[in-house]
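Residue numbers (this note's numbering), protein chains in the order written: chain S, 1 to 447; chain Y, 448 to 814.
It is worth saying that the hints were derived from the structure and are not from the lab. Even for Gly, the Cβ is constructed at its ideal location relative to N, Cα and C. Warning: the hint list may mix true and false statements.
Quick partial rundown of chain Y residues pointing at chain S, CB under 10 Å, derived from the structure [unchecked claim]:
| id | residue |
| --- | --- |
| 1 | 626 |
| 2 | 639 |
| 3 | 648 |
| 4 | 686 |
| 5 | 714 |
| 6 | 767 |
| 7 | 770 |
Spelled out from the first residue to the last, the chains are:
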Amino acid sequence: MSPRHLGRGAGVLAVLALAALACFQDPTSPAQCPAYCPGGRLTTVESLLATAIERDSSFQGYVEAHRAGALVASAPPGVDSRPIFETLPISIRAFIDSATSDTATGPIVVDSMKLTVIVLRRFAALRNLTLSFYRLPLGIDSTSTFAGLAPAFAAAPLRTVNVDSLLAAPDHRDSVTGDTILPLSAVDSVRQSLTVRVKFDQSVFSQADSGRLAIGVRISADSLASIALGSLESGERAQVTWFYRVDSAGTIVQPDTLRNPKTILQSPRFDGFVSDLAPVALDANLTVGGVPSTRALMRVALPRVLRDSSQIIRATLLLVPTGAAAVTTPDSVFLQARRIATDLGAKSPYALDVPDTFFVNSTPFVGQPGDTVRMEITKLFRLWQADTTAPTALYLTLLAIDRADTVTLRGFEGETFNAVRFFSSRTPAFRPSILLTFVPRLKFGAP
Amino acid sequence: MTFRRAYPLALALVVGAAVSLRAQDSPLGIQGLGMPGRFESARARATGGAFAAFDPFSVLTDASVSGLGRLTATATGAASYLTDDLGGLSGSRRSSRFPLFQIGGPAWSHIVLAAAFSTYLDRSYHVVINDTITLGGSSQAISDDLSADGGVTDMRFVAARRFGHLALGAGLHLLAGSSRFQFTRSFSDTSTYGQASQAGEVAFRGSGLSASAILAVGNHLQVAALYRSDSHLRGEENGTVVARNDLPTTVGGALLWQPAPEASLAVSLLRRSWATAADSNAYNTTSWSAGAEFGRAIPLRVGVRGGDLPFGPGGQTPREFAFAFGTGRTFAGARGIIDVTLERLRRTGAGLTETGWTALLSVAVRP
Numbered sequence: 001m002s003p004r005h006l007g008r009g010a011g012v013l014a015v016l017a018l019a020a021l022a023c024f025q026d027p028t029s030p031a032q033c034p035a036y037c038p039g040g041r042l043t044t045v046e047s048l049l050a051t052a053i054e055r056d057s058s059f060q061g062y063v064e065a066h067r068a069g070a071l072v073a074s075a076p077p078g079v080d081s082r083p084i085f086e087t088l089p090i091s092i093r094a095f096i097d098s099a100t101s102d103t104a105t106g107p108i109v110v111d112s113m114k115l116t117v118i119v120l121r122r123f124a125a126l127r128n129l130t131l132s133f134y135r136l137p138l139g140i141d142s143t144s145t146f147a148g149l150a151p152a153f154a155a156a157p158l159r160t161v162n163v164d165s166l167l168a169a170p171d172h173r174d175s176v177t178g179d180t181i182l183p184l185s186a187v188d189s190v191r192q193s194l195t196v197r198v199k200f201d202q203s204v205f206s207q208a209d210s211g212r213l214a215i216g217v218r219i220s221a222d223s224l225a226s227i228a229l230g231s232l233e234s235g236e237r238a239q240v241t242w243f244y245r246v247d248s249a250g251t252i253v254q255p256d257t258l259r260n261p262k263t264i265l266q267s268p269r270f271d272g273f274v275s276d277l278a279p280v281a282l283d284a285n286l287t288v289g290g291v292p293s294t295r296a297l298m299r300v301a302l303p304r305v306l307r308d309s310s311q312i313i314r315a316t317l318l319l320v321p322t323g324a325a326a327v328t329t330p331d332s333v334f335l336q337a338r339r340i341a342t343d344l345g346a347k348s349p350y351a352l353d354v355p356d357t358f359f360v361n362s363t364p365f366v367g368q369p370g371d372t373v374r375m376e377i378t379k380l381f382r383l384w385q386a387d388t389t390a391p392t393a394l395y396l397t398l399l400a401i402d403r404a405d406t407v408t409l410r411g412f413e414g415e416t417f418n419a420v421r422f423f424s425s426r427t428p429a430f431r432p433s434i435l436l437t438f439v440p441r442l443k444f445g446a447p
Numbered sequence: 448m449t450f451r452r453a454y455p456l457a458l459a460l461v462v463g464a465a466v467s468l469r470a471q472d473s474p475l476g477i478q479g480l481g482m483p484g485r486f487e488s489a490r491a492r493a494t495g496g497a498f499a500a501f502d503p504f505s506v507l508t509d510a511s512v513s514g515l516g517r518l519t520a521t522a523t524g525a526a527s528y529l530t531d532d533l534g535g536l537s538g539s540r541r542s543s544r545f546p547l548f549q550i551g552g553p554a555w556s557h558i559v560l561a562a563a564f565s566t567y568l569d570r571s572y573h574v575v576i577n578d579t580i581t582l583g584g585s586s587q588a589i590s591d592d593l594s595a596d597g598g599v600t601d602m603r604f605v606a607a608r609r610f611g612h613l614a615l616g617a618g619l620h621l622l623a624g625s626s627r628f629q630f631t632r633s634f635s636d637t638s639t640y641g642q643a644s645q646a647g648e649v650a651f652r653g654s655g656l657s658a659s660a661i662l663a664v665g666n667h668l669q670v671a672a673l674y675r676s677d678s679h680l681r682g683e684e685n686g687t688v689v690a691r692n693d694l695p696t697t698v699g700g701a702l703l704w705q706p707a708p709e710a711s712l713a714v715s716l717l718r719r720s721w722a723t724a725a726d727s728n729a730y731n732t733t734s735w736s737a738g739a740e741f742g743r744a745i746p747l748r749v750g751v752r753g754g755d756l757p758f759g760p761g762g763q764t765p766r767e768f769a770f771a772f773g774t775g776r777t778f779a780g781a782r783g784i785i786d787v788t789l790e791r792l793r794r795t796g797a798g799l800t801e802t803g804w805t806a807l808l809s810v811a812v813r814p
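Okay, chain S solo, but in the shape it has when bound (with noise of 0.2 Å):
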């Protein structure tokens, strides 16, 4: 080999040599503080920000009973409430004849009503449920009240279903009455809910009302009368399916199948319930929870060194409960904290434009929190101090628990009249705060 070629071919193994080296490093040393350490380390602070919550009120009637997504069933020594609903009317005659192009019609004559409810919210130690049920007067709507209804509270009632008894009965079925508990599924099983269906006879129908009915529904039990129906908000409301004959002449025959349903389905036209309680009164004092629904808004008051540099590890809010409470019912509860879309007062709206996702729940109790109430809302700080454009405020609710499922814990307003006191910051000394932990801003290049 010529030198050239020896020199040309040096210089490009020299090239991948040095390439070679600059590929690796791996510069991890053993750490000695302070001495072989960086002088600048992040620190973790913790701070409590015992006024940072401020201009902090109550507001009700965010969900009324009528909005509900369940009605509520209690009874003494609690509060007595009562659902109500009235369905919506039937078509009261149907065809007689459609295979001879027979346009003539009959009044049908009801043999039997089924009435389907689903129960929700049963406790686990709930024991003797029974439902009862009353016919009310016509007209019922949001401004029926427990009182004006009481009259027909008082009437004997339609029926009567022991819930226990049925649900102890071969299939769940009561052959008597024809009362029965329809299959559970697996998320009945989570939720504790049932599907009941009671028989009522032709005596519930009015051919004068279309057909219209309205039920209220009072519950006893041994211990914990406290329940849910589901309603026309939640989607699974009670409804009513018609048994039914036509009335031909004097001749009551089977309707025409083809041009008639077998029977006839009906829904709640309305649906709410009413209770002997009064609405929470309101104090200086932060109060969330009941039926109509109360909600606590507070604003936050961000430190600037939050707003410009810091990283937020954790946020807390501590909320101290008066200990005078405004309402207690065997119910599981838990409070709920949710940032407001824009910052109106008590009509400040929830961000609803899409699903949001931040929102915090503190851990469910019964009745009332024994202790100060702690609330992880570190990702609503990390929010808010991501966006600076969003309102530091957040809406604290109460609500009531409803499994779907065993690991979510999901809940809704308006479906409890458990009600909750927390001191507000009109009270120096108990006043919400938040407890925060953050890393200031590091100075780094300082040796």
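Please arrange chain Y on chain S, whose structure you already have, making use of the hints.
Below, chain Y without anything else, positioned relative to chain S:
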């Protein structure tokens, strides 16, 4: 090698140097400004650095570039394998870098011009600290992952001329660079505490002037003297000055004795006033070196060096000692030169003993 062929090679070396002037040199530099770079080619390093003052491929003195008789591009690569013993905690590190690149050659009127990139300060490190802090009234285990990657590069522009037995040179030094910081704190309780991570990039700026002279005394002896003054190192993050540190003045001298054509001996002494760079744990340094080169075609080079290091904790000046040897080869009628060096290093500081090997490779191309 023709100009046409040398140019891509030189370009490759420049690119390599630009992206790789990094890597941690020692934990001793974590709390200081960093670890100073060495301005020596592989050839000079093999003699412990004693030949650096006279070596035109090194960037220690300006006058030495007067020895570049033709256009020359030089690059040096180094790979280090180091082991730390920190009070019983041991760890090993490895890194690679291109600490030196220079291109220069005669310009006019016997003036030689050169431009060089070299590592002035290495500011890379990576430390993982496991600790326990108190949060919410209870102990929380944390892990801090702290890393910095970058350094300060010395861009040198030199002019030198030989006046008979005397070579004079002067240089302008522009210091520039940056260091990217990434600090992360992780909590063992990840369900309660989120991870904190902060990143930043600090840009550095500074400048300096240097002058040096090499005097040939007779036919066998050369004496070199150098002076360099660097101003300040400004660290800026997002346009804001976050640090301002004085930089040292350097004075030094070296002696080269060539008793025979195939034997050369050299010694050097260097003094740098690093104590002005920081309020504490910064020290003035004195470093020395002695080395020899034997043979011409495939020379054998050996050397030792030692001295102080500028930064270290505990009020105690860290020290280092190194032994090196190497050789070199010229190719294609001395148009290509490759030098290789292997150095054994030992550093000691407060509670720290650091040992390791460094392999260096220099390539010089003279089209």
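Status of each hint after checking the structure:
Using the Cβ-Cβ criterion of 10 Å, the hint placing residue 626 of chain Y at the interface with chain S is satisfied: the shortest such distance is roughly 8 Å. Annotation: residue 639 of chain Y was flagged as interfacial toward chain S, and the flag holds, the nearest CB pair being 6 Å apart, inside 10 Å. Interface restraint check: residue 648 of chain Y against chain S, minimum CB-CB distance 8 Å, threshold 10 Å, status holds. Taking 10 Å as the C-beta cut-off, the interface hint given for residue 686 of chain Y is violated, the closest approach to chain S being about 12 Å.
Of the supplied interface hints, the one on residue 714 of chain Y is violated, with its beta-carbon coming no nearer than about 30 Å to a beta-carbon of chain S, more than 10 Å. Evaluation of the residue 767 of chain Y hint against chain S yields a violated restraint, the C-beta minimum of about 16 Å exceeding 10 Å. Proximity of residue 770 of chain Y to chain S is violated relative to the hint, the smallest CB-CB distance being about 21 Å (cut-off 10 Å).
Hints 4, 5, 6, 7 from the list above are not met by this structure, while the remaining hints are.
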